[in-house]
Amino acid sequence: MEELEENDFLEELNYGTQELPDVTQRLGSLEEVKREPGLEHFERLIVHLDMDAYYAQVEMKYHNIDITKPVAVLQWNSIIALNYVAKNSGVKRSMTCYEALEVRSDMIFVHVATISDKQILGSDAPKTYGGGRGPPVKEAIPEQVKEPEIMEVDYFDYDSYSKQKEIPLPCAVVVDAHHDDEDFVIEDYQTFIPSSICKVSVLSSNKNLPPMKRFRVETREKEIQKFSHALYRNQSKKIFEILRRYGGIVEKASCDEAFIDLTECINKRYEELVRTKADSIFGEVLENWKEAYMFGHKEQGEGLFKPENLWDQKLFLANELAYQMRQDIKKELGYNASCGIGYNKTLAKIASAQNKPNAQTVVPIRYLQIGLQPIKINSVRFCGGKLGELLTRNGVDTMGKIQQMTVQMLNQMGLSESSADWLKNLSHGVCHESVKERNLPTTANAVKNFKKVHTLEQLENMITLVCYDIITKIKEYQEEFMIFPQTFSIGFFDVMDRNAFKSRRAKMVSPQDFNKDTRSIITIVREAIRAHAPQILPGASALSVSVMNFKPLSHYEVKTKALNTFFKAADYQEYAKLQEKERLQFLERQKQMDAQKLLIMQKRDEYPVGFKRSQPVGASSDQGAMKQMVRKEQQSKQVNGGIMQFFKKSFETADK
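Numbered according to UniProt numbering, the sequence shown spans residues 1 to 656.
Wrong hints could be hidden among the right ones.
As the list claims (entries may be wrong) - When the alpha-carbon atoms are kept at most 20 Å apart in a straight line, the in silico EDC-like pairs for lysine to aspartate or glutamate are as follows:
no. : residue 1 : residue 2
1   : Lys238    : Glu480
2   : Lys61     : Asp50
3   : Lys237    : Asp50
4   : Lys268    : Glu476
5   : Lys502    : Asp513
6   : Lys577    : Glu588
7   : Lys69     : Asp52
8   : Lys252    : Glu433
9   : Lys436    : Glu43
10  : Lys252    : Glu480
11  : Lys516    : Glu557
12  : Lys87     : Glu102
13  : Lys551    : Glu433
14  : Lys238    : Glu476
15  : Lys356    : Glu433
16  : Lys452    : Glu389
17  : Lys238    : Glu332
18  : Lys436    : Glu588
Calculated from the structure, these hints are not laboratory results.
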């Protein structure tokens, strides 16, 4: 459709108000509620729980950083996560640390944990990559993650000379040019700082460091390290353990986000309350509504919000349960979370984002339509991308505008019949997508980008880094889900095919071999890379390793048991019987062979002496039969020999 100004387009559509059934008034008995048209879509109770600035919260807890400080999590020089203090100051993700410092000069930066190939291989190289946490190789293993320590933020300046100096810091650092009259003499420590760098920052528990003027930026050596998110996955596991206590269906959307279907839980609880408290179910706990915002209502809570129908009552119970979830996470782990409570996944997710951080929002039917009207199309699940661009290009950028459109109008914009129906229903809060348990991972990946290398020796370090990351994930999956991959693949850019991305699959080692020596994966990945070296080198700049086709560990145990059963030691009596049977069969076949030979000789003796014949009568068929018997005899001896050898080995194994 031709692009129009927004007002012109809306006028052309000739909007008409299309209202859903009026449910804002008090309804009577339960039977009347059930007969009310249009409410069959609001029988489920879904919670969307989203952790607030999750990565930043984990790092702040780990380092015991004051919650009033602006904190950013770095991955190399880019910000990947921010707490809300930093966000409210105008700092944004994807900024570099230096850009963030221009916005707010007192920013605190914490780098994600990294692992070093030298540490993995047990080198004596300085272990300075933990950011005050200790060796990153330990950080990458969940069971070895340390509890949070009381850390102090320290900072000092020094003016360097033309020579290079070393500083006594347990982490890597980066600074900007700074000159000061005061000079610190530092020696006999591991971490190396070039002479051009003058200002140093560190997050450290070392109280012997000089006072710092202000906190700056910590960095890592990108070319010889790989980041690890094991700490975040470890904390995520604990969060989901809390969510599953409540008995609902928990769908893991990401490490810090979940959908929980509480429908059955709330229905059972409602029936129990009806039996025990009758009409006074909500009389004593109405104040709990104040803990939540009402979607479509500007203020937090509504004072004494009295549920007016069955849906309001159950929504009240779901709101209370969601509040308990958030309190448990805060009490046990120290993290804040926000959540939305609605009648489907879309409403719950929209609601959870409305009043962040550390808040929850419920979606009562009475405010549903008015609450959806200002919601931007691009912020709704599955409405971004090309669909969002199409709608925005035609002047439709909010759910309220779609509410007033017909399906035919949406068709004219280029949407299919099914897409138009789906979008129209969504604008009125109708979504049929169910919450599904998706807790078993299907793949695990590890990727490393680096400067171009040209030899296998140079690529070895990268192979080790990537493999160590994937080894850590496989161990986590074994412990948490009791699964193991059947296949692995390597990914690379093919230098022989214009650097097109290629992947090659191979069979994974067995769980038994993996548990005996986890570095067996490094071996098979090296072999795979050597096999495709002409495609990878020279000029390799990235490498990925993936594992897939996960099977339960019991699947491998059954296979092992079957093989052990097949190769068990034979019984001596059975062996003797089989040996005697084979001997008798051999004698019988020998008799038949002798009889056949005798018959052939007798036929030859019937011809007169001196009588010549190129092909005596019966000679061809008799000779063919004789050759066939000889072949059968040879085959029989081979089979019998194999069987005898098998039993002989079995006896030797049994004797041992």
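Quick rundown of the hints versus the structure:
Among the hinted pairs, Lys238 with Glu480 is consistent with the structure: their alpha-carbon atoms are about 11 Å apart, no more than 20 Å. A hinted pair counts as satisfied when its Cα atoms are at most 20 Å apart, and Lys61 with Asp50 qualifies at roughly 18 Å. In summary, the hint linking Lys237 to Asp50 is supported, as the alpha carbons are separated by about 14 Å, within the 20 Å threshold. Pair hint Lys268 plus Glu476 does not hold up; C-alpha atoms about 35 Å apart against a cutoff of 20 Å.
A distance of roughly 28 Å separates the Cα atoms of Lys502 and Asp513; the hinted pair therefore is violated under the 20 Å criterion. For the proposed pair Lys577 and Glu588, the alpha carbon gap of about 17 Å is at most 20 Å, so the pair holds. Only pairs whose Cα atoms come within 20 Å are accepted, and Lys69 paired with Asp52 is accepted, the gap being roughly 15 Å. A hinted pair counts as satisfied when its Cα atoms are at most 20 Å apart, and Lys252 with Glu433 qualifies at roughly 15 Å.
This hinted pair checks out: Lys436 and Glu43 have alpha carbons roughly 17 Å apart, not beyond 20 Å. Between Lys252 and Glu480 the alpha-carbon distance is near 14 Å, which keeps this suggested pair within the 20 Å criterion. With a C-alpha separation of about 15 Å, the suggested pairing of Lys516 with Glu557 holds against the 20 Å cut-off. Distance check on the hinted pair: Lys87 and Glu102 sit about 14 Å apart at the alpha-carbon level, within 20 Å; holds.
Of the supplied pair hints, the one linking Lys551 and Glu433 is violated, its CA atoms being roughly 28 Å apart against a limit of 20 Å. Taken as a hint, the Lys238 and Glu476 pair is honoured in the structure, with Cα atoms around 13 Å apart against an allowance of 20 Å. About 24 Å separates the Cα atoms of Lys356 and Glu433, which puts this hinted pair outside 20 Å; it is violated. For the hint pairing Lys452 with Glu389, the CA-to-CA distance comes to about 38 Å; that exceeds 20 Å, so the pair is violated.
Between Lys238 and Glu332, the direct Cα distance comes to roughly 9 Å. Compliance with the 20 Å bound is thereby established for this hinted pair. At roughly 68 Å between alpha-carbon atoms, Lys436 and Glu588 are farther apart than 20 Å, so this suggested pair is violated.
Of the numbered hints given earlier, the model fails hints 4, 5, 13, 15, 16, 18; all others are met.
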